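K.L.:
Construct all of the structure, not just a fragment, from the sequences and the given hints.
2 protein chains.
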Amino acid sequence: MKTEVALRAEEAGEPDPEAVAVVVDVLRATTWVATALERGAWGVRPVPEVDEAFRLAAALREQGHAVLLAGERGGLPLPGFDLGNSPAELTQRDVAGRRLVLTTTNGTRALGQVASAGEVLVASLRNAGATALYLAAARRDVHVVCAGTRGRLSLEDVLAAGWLVRRLREACEGLDRSDGARVAEAVAAAWEGRELEALRAAEHGRRLLDLGFGADLEMAARKDAWDRPVRLEDGWLRPVGAGGTMPEVAGR
Amino acid sequence: MKTEVALRAEEAGEPDPEAVAVVVDVLRATTWVATALERGAWGVRPVPEVDEAFRLAAALREQGHAVLLAGERGGLPLPGFDLGNSPAELTQRDVAGRRLVLTTTNGTRALGQVASAGEVLVASLRNAGATALYLAAARRDVHVVCAGTRGRLSLEDVLAAGWLVRRLREACEGLDRSDGARVAEAVAAAWEGRELEALRAAEHGRRLLDLGFGADLEMAARKDAWDRPVRLEDGWLRPVGAGGTMPEVAGR
Chain P
1 MKTEVALRAE EAGEPDPEAV AVVVDVLRAT TWVATALERG AWGVRPVPEV
51 DEAFRLAAAL REQGHAVLLA GERGGLPLPG FDLGNSPAEL TQRDVAGRRL
101 VLTTTNGTRA LGQVASAGEV LVASLRNAGA TALYLAAARR DVHVVCAGTR
151 GRLSLEDVLA AGWLVRRLRE ACEGLDRSDG ARVAEAVAAA WEGRELEALR
201 AAEHGRRLLD LGFGADLEMA ARKDAWDRPV RLEDGWLRPV GAGGTMPEVA
251 GR
Chain C
1 MKTEVALRAE EAGEPDPEAV AVVVDVLRAT TWVATALERG AWGVRPVPEV
51 DEAFRLAAAL REQGHAVLLA GERGGLPLPG FDLGNSPAEL TQRDVAGRRL
101 VLTTTNGTRA LGQVASAGEV LVASLRNAGA TALYLAAARR DVHVVCAGTR
151 GRLSLEDVLA AGWLVRRLRE ACEGLDRSDG ARVAEAVAAA WEGRELEALR
201 AAEHGRRLLD LGFGADLEMA ARKDAWDRPV RLEDGWLRPV GAGGTMPEVA
251 GR
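If you read the protein sequences in the order shown, they are chains P and C.
Under UniProt numbering, the first residue of the first sequence is numbered 1, with each subsequent residue one higher.
Under UniProt numbering, the first residue of the second sequence is numbered 1, with each subsequent residue one higher.
Worth flagging that the hints you see were computed from the coordinates, not collected in a lab.
Since we're looking at a predicted model, the values are computed, not measured.
Beta carbons: idealized from backbone N, C-alpha and C, even for Gly.
Do not take every clue at face value.
[What the hints assert, rightly or not] To spell it out: a stretch of chain P is covered by chain C in this simulated footprint if at least three of its residues, at any positions, have a beta carbon under 8 Å from a beta carbon of chain C; those stretches are: (1) 1 to 15; (2) 154 to 164; (3) 176 to 182; (4) 189 to 196; (5) 200 to 209.
[As the list claims (entries may be wrong)] Just so you have them, the derived chain P footprint on chain C, three or more residues with Cβ under 8 Å: (6) 14 to 27; (7) 134 to 143; (8) 152 to 165; (9) 221 to 229.
P.N.:
This is the structure we're talking about:
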């Protein structure tokens, strides 16, 4: 059982169709997804483009679903959207049972990089431990992809990937780790117990602090706060084992 | 004073002409260079191609210089060459005063990536501390490039880059570190005092162990064994302050 970590989306290569890919975008897409699902959202639909997000939300509403439209460009909310991609903002809204359509830059690009994988999960520090337990049970090769920011490596993504590797190694004796996986695990070890400090020191974290999103960093730093892995199923991100039927909507 | 670390040569970008670039290729090019210069070689000339290496060696010999031709492809020595790129092998030869022509795959590619920098150094664990002290005195932005192996990140390069960042930070209060620099420093911290263990666990290290080059790993793991930085001067890698005149040979 091999574990590979790509420290930036651009170096992800093509995951093996037998492998499980895990996309990590701690600030803020995958933390936002975990927060939404933790709070009972039916599912999150990641889409790359803004106009696609509008079309999809309209189609879902026509089918009678309760929908919220969320996303950002350059870290800021979009005109006409219900929500940005701030996890803290999300806690002020009732999302239970709703379908959330999300468009973000780095997170969606990273999802595109792993389209060849047999199964795709998304993880953040909030559910890295739960994700590791799921992967340990699956006993398939693991291909973690850190989204990074605008083509640059992001400390917080490497940290979360490393925590996932660490928990996976604890669950699977003799886990085969790539150099990228070992680098990530070292980062998690170096900052263990100081995750919030790491996020505040990180380039992207500092930018978000400047924009007034400090509460998001606090939410993003909460390691293993939630006990569910999140999987991409017919285009929707949902907690594993969430049940229910998939909506019939055209497109991705 | 900013410090940036590219964890693979491919993500190096274009270093600022004002910056100092530092290329790291612990297994084995930059360890080999440090070993050769430590043992009194006049200088090391890195060249990308095998035929260029032959031509340059012939031209230097015609000028009356004592020359050794060194290099590898796929980790193995080349036919007609005097040496491979094994640092341990180098200690069996008298290199004092000689001009060494070296062709390697990853190390030379990484040097090509930083051609735009105002000054280029090469570092390994053997002289990372000395390199950091030189950089601290220079007070210019630092752009460290880990060579990696065949486009993949190499644990040992990240480790050495991290040790350099750590020593630089100790010498320069308030050093501005990129996320890549922080990742590298965390790797160095996680393996501190166990550098040889890290090299033995690394993908490239394991391959070299299989090929019988275990002694090279031991030499490569010796942190701060040598007190001189190495700089590229008119195409030659030489210890800083080595003095002497540059040979007149066409082309790099």
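K.L.:
Can you name, in rising order, the numbers of the hints this structure does not satisfy?
P.N.:
Of the numbered hints, 6, 7, 9 do not hold.
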